[in-house]
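Novice: These are the residues of each chain, in order.
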Amino acid sequence: MAQEELQLHEGLEATCWELLQQVTDPEIPVISMVEMGMIHKVRVEADVVHVEVLPTFVGCPALEIMKRNITEKLVEAEGINQVQVTFVYDPAWTSDRIALDARDKLKSFGIAPPPLDFKPGDTWEVACPYCDSPYTRMENLFGPAACRSILYCRHCKNPFEALKPIY
Amino acid sequence: MGDRLHVETVEAAKQNPAFAKALTDLLFQLADDDFLLAYRGSEWLGLAPHIEEDVAFSSMSQDMMGHAVMFYEMLEQLGVGKADDLAQLREAKAFSNAILVERKNGEGEYNDHPHYDWAYAIVRSYVYGLYKQVRLEALTQSSYAPLALVSRKMMTEHRYHLMHWQVWLKQLANSTPDARQRLVAAIAEVWKDAGELPHLGPNQLDIVQFGLIAEEEQLKQKWLTLTKDIFEKAGLDWPGEPGVPQESGRHGEHTADLVQALATLSEVYRIDPAAGW
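Protein sequences appear in the order of chains A and B. Residue 81 in UniProt numbering sits at position 81 of the first sequence, with consecutive numbering throughout. Residue 256 in UniProt numbering sits at position 256 of the second sequence, with consecutive numbering throughout.
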């Protein structure tokens, strides 16, 4: 490939990554799919961009919506005519892929972020996203989405959700 | 033993017809098991003991349905047929799920006096879930790379299902005499069918020799050891060697319950094949 063409592709790929920052998780509008660590690869070939996405949950009903949102956003880029989104499982998505600075955004939305470096056998302790109190109680391991649980803070008396550690 | 077989892509799998056949047979078992039990789980919607359980059970059924979709899509890539058609248009005798997962939830029908058995739901889901855990672990070593990858991913979700059923089992086992009695009765009922779970069907030799999954006996022993430990910790008597049903689901022999399930779940698709599901 000619040097010039290569640079053009790299430029387009960078543009795509910037645009993807604007595609939010359909169920958590404060955080982008890039911040969620769900975008694995972006590759431009001629006027086609291939995006590899790591699903958080295999049966997540929002996957098709994500695909559509990514496609609609990336065709905005000049020089892109076609978007191909594929879901891949290597590497597997884990909750440690969530960007560190996005964890505070989750809290601002009332969702406790998953613990870092969680390992099999660890106890899942969740602090309240509103008051940081550790005095919380698990109400339901399964919440409105498969990736979230419902908890209650015994300190500030707020119900809240927590993202499950996926490891 | 020669070099371990390692098949990276669906194209490579298709080049070896015997391998592709063994893989297809195994994928149908995996897909049909998850599909039918997810369907039975979804039939509890609105009927579970409390609203939190409704949310949890639907969530787990949705996960499991998602796993079935993955397996059906792998079959589609192998050229066996369209994933939606494989799930919804096959006749009962083409299904290779274990009988345990097709059994009705209890007396009555979803829309007509559903006197479902909650203890049976817990024990069936948990016993199947424990087997599924062992099976997924074995599949992470599968010679078919795409299958090993999705199994690894499914395990991250599946562990939460096991945690959930564990809570129910422990609580009912240590609850009122009535709860315990129902739980023990449900174990006996599930145990009549459970022994079929590790069966790999008529093509088991090829399935194992191609390194797609570990052999039946190994899967069975791991699963029984795991289950025994959990029963013991909950203070429940060990029911002994699990039975196998009269029909052999892995060989395409099924009960009328499967026919009913397929008729209900495919009703919309048969009316409107363009509908999404």
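Where hints are given, some of them may not hold.
What the hints assert, rightly or not - Restricting the straight-line Cα-Cα distance to at most 20 Å, the calculated cross-link-like pairs of lysine to any residue (SDA-like) are:
(1) B/K222 <-> B/Q246
(2) B/K192 <-> B/A256
(3) B/K233 <-> B/H251
(4) B/K170 <-> A/E139
(5) A/K119 <-> B/K220
(6) A/K119 <-> B/Y160
FYI, nobody ran anything at the bench for these hints, they're computed from the structure. On a predicted model such as this, the values are computed, not experimentally measured, just so you know.
Novice: Each hint: holds or not?
Specialist: The hints, checked one at a time:
1. B/K222 <-> B/Q246: Roughly 24 Å between the alpha carbons, so the hint for B/K222 and B/Q246 is violated.
2. B/K192 <-> B/A256: 17 Å, holds
3. B/K233 <-> B/H251: Roughly 35 Å separates the two Cα atoms, so the pair is violated.
4. B/K170 <-> A/E139: 17 Å, holds
5. A/K119 <-> B/K220: The given pair, whose Cα atoms are some 27 Å apart, is violated under the 20 Å limit.
6. A/K119 <-> B/Y160: 14 Å, holds
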